[in-house]
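Q: These protein sequences, in sequence, are chains L and U.
Be aware that the first sequence starts at 1, since it is given in this note's numbering, and climbs by one per residue.
Be aware that the second sequence starts at 1, since it is given in this note's numbering, and climbs by one per residue.
Among the clues, some could well be false.
Which copy is meant is left open, so a pair is good if it fits within one copy or across any two.
[Said to hold, decoys possible] Derived EDC-like pairs (lysine to aspartate or glutamate); straight-line CA-CA distance at most 20 angstroms:
| # | residue 1 | residue 2 |
| --- | --- | --- |
| 1 | 188 | 155 |
| 2 | 193 | 161 |
| 3 | 193 | 154 |
| 4 | 188 | 49 |
| 5 | 193 | 163 |
| 6 | 111 | 190 |
| 7 | 193 | 169 |
| 8 | 150 | 173 |
| 9 | 66 | 31 |
| 10 | 111 | 155 |
| 11 | 150 | 198 |
I should point out that these hints are in silico values taken from the structure, not numbers from a laboratory.
None of these values were measured; they are calculated from a predicted model.
Number of protein chains: 2
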Amino acid sequence: MNKGQLIVVSGPSGCGKDTLITAILERMGEEAFLSVSMTTRNMRGDEVDGVDYFFVSPEEFEENIKNGQMLEYAKYGNNYYGTPLGPIEKLIETGKTVFLNIEVQGGASVKKIYPQAQKIFLVPPSLEVLEKRLTARGTDSVQEVETRLKIAIDELRRAEEYDYIVVNDVLEDAINDIMSIIRANQLKTDNMKNIISEVVNNA
Amino acid sequence: MNKGQLIVVSGPSGCGKDTLITAILERMGEEAFLSVSMTTRNMRGDEVDGVDYFFVSPEEFEENIKNGQMLEYAKYGNNYYGTPLGPIEKLIETGKTVFLNIEVQGGASVKKIYPQAQKIFLVPPSLEVLEKRLTARGTDSVQEVETRLKIAIDELRRAEEYDYIVVNDVLEDAINDIMSIIRANQLKTDNMKNIISEVVNNA
Chain L
1 MNKGQLIVVS
11 GPSGCGKDTL
21 ITAILERMGE
31 EAFLSVSMTT
41 RNMRGDEVDG
51 VDYFFVSPEE
61 FEENIKNGQM
71 LEYAKYGNNY
81 YGTPLGPIEK
91 LIETGKTVFL
101 NIEVQGGASV
111 KKIYPQAQKI
121 FLVPPSLEVL
131 EKRLTARGTD
141 SVQEVETRLK
151 IAIDELRRAE
161 EYDYIVVNDV
171 LEDAINDIMS
181 IIRANQLKTD
191 NMKNIISEVV
201 NNA
Chain U
1 MNKGQLIVVS
11 GPSGCGKDTL
21 ITAILERMGE
31 EAFLSVSMTT
41 RNMRGDEVDG
51 VDYFFVSPEE
61 FEENIKNGQM
71 LEYAKYGNNY
81 YGTPLGPIEK
91 LIETGKTVFL
101 NIEVQGGASV
111 KKIYPQAQKI
121 FLVPPSLEVL
131 EKRLTARGTD
141 SVQEVETRLK
151 IAIDELRRAE
161 EYDYIVVNDV
171 LEDAINDIMS
181 IIRANQLKTD
191 NMKNIISEVV
201 NNA
């Protein structure tokens, strides 16, 4: 069995990150999961603990921070939100691929906690295309689209902090690119050592 | 344009290396080349300089060694044989993928001269399968097959010197694995920096 891995995906708003991750999760089936965030806010309506969020007390959240178990976190108002490493590590141990869909800001700290993470930066083919996509969503005013484009340019300048850069022009190509990255990482010698022992020891 | 790359492929005799590389070269067409060796022996019959070998004088070969331009080399009898970096670098600059099919012994020195090389170790699914393949070739005696298997076990123990390990069980899967490695390397941030500048500067 290949060891699993954590794939961090970031990219400017409108680059198609959510659509892409959903498509890959569908294609990989039982082999891939989206990481679940942790929060100290109250559970709402039909939310399920461990599915929508891991709902914990502020004390438990702070304990996780102290133990270096939060890949990234932030406090909004009185509540903490973040990504706990523990559940991700359990999935990785069983050979699963875990996706973390995260803002460029949050992505910066992940490798400090978990250096093995593979960070992918998703970019639009051009700023014109990004503007068209943002405008087509119809959710933002002209002013808001303008602001998002400015933020996008700032974020694109931080792409060098990532391991891989994937251009999301044709969705199918971008899916295949990310599948290639996942496969290549599975084939890295560190993740394949057991295969060699199997071949030699079954002699 | 993505930058090209050097892919070094090694593996025990009978693991299917030659068949695999031939199939990938066919699939990649103009995008991939097999590296051409350099030698000081005389040209024979219908051999072509630059195709079968680069035929050079002993002085030129030694000059290449001195300048750190030989990825690996050996002397058999009075003649040098080796792999010159220069022609490979020219292809890489134009975005091509270059394959170097090489023994485990020769592969060890490549990264000293060209650290960017990606080294792939090809393994059989099991020693039983390797034995069957070697026997099926019909070119080796039982004794020779035995010797090849012993060498194979020694070589498998050196697989950790490689960046990637690919199991050659079903040929098509092994081809796809190597294509994934090539694509993932093209997508590494270092090889994609120009894409980011293009996106930002065309604003």
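Q: Look at each hint and say if it fits the structure.
A: Taking the hints in turn, this is what the structure says about them:
1. 188 <-> 155: Answer is between: at 18 angstroms across copies they meet the 20 angstroms cutoff, but 29 angstroms inside does not.
2. 193 <-> 161: Between copies only: 11 angstroms across, 29 angstroms inside.
3. 193 <-> 154: between (41 angstroms within a copy, 15 angstroms between copies)
4. 188 <-> 49: neither (35 angstroms within a copy, 37 angstroms between copies)
5. 193 <-> 163: This pair counts as between: shortest inter-copy Cα distance 11 angstroms, intra-copy 23 angstroms.
6. 111 <-> 190: both (18 angstroms within a copy, 18 angstroms between copies)
7. 193 <-> 169: between (36 angstroms within a copy, 17 angstroms between copies)
8. 150 <-> 173: neither (27 angstroms within a copy, 43 angstroms between copies)
9. 66 <-> 31: Answer is neither; intra-copy 31 angstroms and inter-copy 50 angstroms both fail.
10. 111 <-> 155: Classified as within; 18 angstroms inside a copy, 34 angstroms across copies.
11. 150 <-> 198: between (53 angstroms within a copy, 16 angstroms between copies)
Consistency with the previously given hints fails for numbers 4, 8 and 9, ordered from lowest to highest.
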